[in-house]
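Asks: The task is simple: from the sequences and hints, build the whole structure.
For the sequence shown, counting from 1, position 334 maps to 334 in this note's numbering; every step adds exactly one.
Possibly wrong hints are sitting among the right ones.
Stated by the list, open to error - Computed beta-carbon distance windows for the label pairs:
| no. | residue 1 | residue 2 | range |
| --- | --- | --- | --- |
| 1 | ILE272 | GLN527 | 41 to 47 Å |
| 2 | GLN462 | ARG530 | 33 to 39 Å |
| 3 | LYS539 | ILE563 | 19 to 25 Å |
| 4 | GLN23 | VAL275 | 54 to 60 Å |
| 5 | ASP29 | GLN353 | 45 to 51 Å |
| 6 | GLU424 | GLN23 | 45 to 51 Å |
| 7 | LYS506 | ASP109 | 54 to 60 Å |
| 8 | THR472 | ASP282 | 46 to 52 Å |
To be verified - Within a straight-line C-alpha distance of at most 25 Å, the following computed PhoX-like cross-link-like pairs (lysine-lysine) qualify:
| no. | residue 1 | residue 2 |
| --- | --- | --- |
| 9 | LYS69 | LYS276 |
| 10 | LYS106 | LYS219 |
| 11 | LYS19 | LYS337 |
| 12 | LYS265 | LYS69 |
| 13 | LYS488 | LYS588 |
| 14 | LYS539 | LYS510 |
Everything labelled a hint here was simulated from the structure, so no lab data went into it. All values derive from a computational prediction rather than experimental measurement. Positions of the beta carbon are idealized from the N, C-alpha and C atoms, including for glycine.
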Amino acid sequence: TKAMILEDERKLHQLQQEKTQEQQALAFDIARFSATTDMLTHETPWHQNQQKIAMLQDEIEQIERENAKQFRLLGINTIEEQEVMLKQNVSIEKEEQFQQVLRQMKEIDAQLSLQLHTLNDVHKELEALEGTTDTEGIRIRRKEEREQRIKQMQFVKFFAAIAAILFLLMSWFWQNVYTFVAGVACILVFLYIVQLRLRMTSERFVEEQIENYKQRYHKIKEDISELEQQHDQQEILLQQFIQSFYTKPLTDRSLMKELFVRVRKLQEDAQIIAVKKERLQDSLMRQEQILQDVQQLLQNDVDVDQAFSLVHRLREQLQPQYEAYQQATKRIETIDKEVSRLTERLALQHQAQKDYFTKMQVVDEEMLYDAFAEWQLVEQRKERLQILQEQITIAPPTTVDDQEIIARTEHYLYEEQEIEKRLEEKITEQQQLQQTLRAKEQDESYGEVMQHYEQTKESFRQAVMDWAKTQTVITAIEQTFTQLRERKLPQVLTFASEYFHLLTQKQYAKLIVNEDGYFEVEATGGQRYRIVELSQATKQQAYTALRFALAKTLEKTAPLPFIMDDPFVHFDRNRFMYMVQLIRAISKDRQVIYFTCQSVDSWQKDEVQQL
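Replies: So, in structure tokens, the structure goes:
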């Protein structure tokens, strides 16, 4: 029982010391590690947000550039004029009013054009008619002379007609040739006068036509003047209408028709820019919030591009401490359970010891040892006495004298004293050893040595296991890499260089593996760079090119579909467009499944499947 108590007390002391050492690992900042782990869950949304910011900035810049071009075409150069135009009402109702004014202008223009053509025609006709007559004064004098001649010719015509009738009757009655000739002459004179009268009537008709054309000409001019007044009024109204939202004077009717469309397009683009800027501001606020959380976590100012790489580095630094913390926590739980069990067992053992002391009628352990020593002495004497009695009983009686009996008695007494003396020495030595053992057990150095021994032993065993695992993995990797280098690597590097050359817009010529087994890229100019020296997006391009190249070499042996889940979050728009072209080219030979939550504007409609 005493040995069990001592052993349990030793174990309990050792466990307490081990717990004290393990508690040092509990000083690990588990809250910071948890915050780091939680922060890494925001990495994908962070990169998606970064891509969204870049995309929104590109779209806003493109729309603003197009709007600036439209403003320049409209002659709007100042910000104030642009803001005034963008605030004006260009609704469908307003455009309809504008179109109505334009239609009225068009009708007036058509009428004015028709009247001008008519006026031109009348003017030409009038010139043609006036060309057949003389000037105005001559025409008036000739008109007076013509009227006098008409009066005279009326008399001559009447006289010639009477004379012709008389001469003909006389020639018929008298049968005289001269009278007949005279009658014919009178008839000819009559006919000449009639023809001359007809000619004079035609000239009068022309003059009447000229007079009518003049009246019509003046009427058309009056209509044209009225139409021009209406046109000027409509033009003023139109310019006032235009100047309500367009400060520049505008005379081109074709541009007037497009003005509303262009202004409305500018306003729509301005609204789109406002919405995109709000989305951009939200994304920037989310970026700033996450960046502040990262800076608070890292306790240092960081750049946007390096935020999550530093978080990964911090987590890698905290990971061993976290594993030690977990091991210490589990070990302390085990120690607490073992301490509880040993404490309960020690309590039972001490109670049993106390009951045993009571039964043996002793107070403490020392009295028990003394009583045990006395009991052993009594037992030894009893045993010795029994042996002597047996010897007396078995041995034949001998005759001894008193001197011999006295001598033997003194000898036995001397032996008994020597035995008692040696027994006392052994008991004393036993007590000293027990005290030394108690002192050793209570000495902390002993427990520390034992604990250090156990920890070293456990660490050595764990190190051996880790070394064996690592060596196995290293061997497998070396074998695999050797096989790939000998069989697949040249072909993989050829395809990868071709893809990488295309993705980087011919900035890099090829991908190579140096003598140390590290990947390098060779620029078009011949310079070589290690992969770690490239930007994140260029690294991603190299990694993607290697994946595509490896899949290309396995196309015959393993023609499996190529699946990607939004892997190009670090790409700008140009890099992404080149990647889309490469994916589209690869998809001709094998199936490519591309998951994304981003805009699908870069993909063709038949290539997109909404989920």
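Asks: Next step is simple, just say for each hint if it's right about the structure.
Replies: Structure-based check of all given hints:
1. ILE272 x GLN527: 41 to 47 Å: holds, 43 Å
2. GLN462 x ARG530: 33 to 39 Å: holds, 34 Å
3. LYS539 x ILE563: 19 to 25 Å: holds, 21 Å
4. GLN23 x VAL275: 54 to 60 Å: holds, 57 Å
5. ASP29 x GLN353: 45 to 51 Å: holds, 46 Å
6. GLU424 x GLN23: 45 to 51 Å: holds, 48 Å
7. LYS506 x ASP109: 54 to 60 Å: Taking Cβ atoms as reference, LYS506 and ASP109 lie about 59 Å apart, which means the hint holds.
8. THR472 x ASP282: 46 to 52 Å: holds, 50 Å
9. LYS69 x LYS276: holds, 20 Å
10. LYS106 x LYS219: Holds. LYS106 to LYS219 sits at ~22 Å (cutoff 25 Å).
11. LYS19 x LYS337: holds, 12 Å
12. LYS265 x LYS69: holds, 13 Å
13. LYS488 x LYS588: holds, 23 Å
14. LYS539 x LYS510: At roughly 13 Å apart (the allowed maximum being 25 Å), LYS510 and LYS539 satisfy the hint.
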